[in-house]
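Trainee: Sequence:
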Amino acid sequence: MGFTLPSPASPMEHARALIERKSNIEEQIEAQISILKANDSTLQTPLVDADGFPRADIDVYAVRTARVRIIELRNDLTAVTNDIAKALETIYNPANAPKDPEPSSAEPQPFAKVNAVAPGSPAAQAGLQRDDLILKFGPLDHQSCASSLQPLAEVVSANENVSP
6 MGFTLPSPAS
16 PMEHARALIE
26 RKSNIEEQIE
36 AQISILKAND
46 STLQTPLVDA
56 DGFPRADIDV
66 YAVRTARVRI
76 IELRNDLTAV
86 TNDIAKALET
96 IYNPANAPKD
106 PEPSSAEPQP
116 FAKVNAVAPG
126 SPAAQAGLQR
136 DDLILKFGPL
146 DHQSCASSLQ
156 PLAEVVSANE
166 NVSP
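Heads up: the sequence shown is residues 6 to 169, going by the working numbering.
Treat the hints as calculated values from the structure; they're not laboratory data.
Quick caveat: nothing in here was measured; it's all calculated off a predicted structure.
Pairs of lysine-lysine residues, derived as DSS-like cross-links and limited to a Cα-Cα distance of at most 30 Å, are as follows:
#1 27 / 42
#2 118 / 141
#3 91 / 27
Given only the sequences and the hints, what does the whole structure look like? Please build it.
Mentor: Here is the structure:
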């Protein structure tokens, strides 16, 4: 047929282009089927009468042309459907998924270090000591404090002078 899809930038765009192509092919098939229906014909209806002459009640040329076009379009539809399956497999294949730099099963990473502990403070009562590493502080962990310790300061100030 000679139709070439442009090469999209991403696999998702490629899949969308193929799905659009599939929709266009289906519309073309419906248009050809309407030609057959207008001539009260199907893909199997004989085009000749009992004596072997072309039927006078239908446009034989239009019916033959529509039949050939339907067969071509069905072949194109099968090829595009297979291409869509391959594109979707490329998109959703777990082996192609980006690797997580920090697996969830890895040990928690520290995000802060204790510089000093005030005597008699809740931290001192909890047993914190200088140079201890903080793995989790309330709802905070390494991921929530990856770029700055501002969330840590906010949690401390929100809970300062608050009784448990």
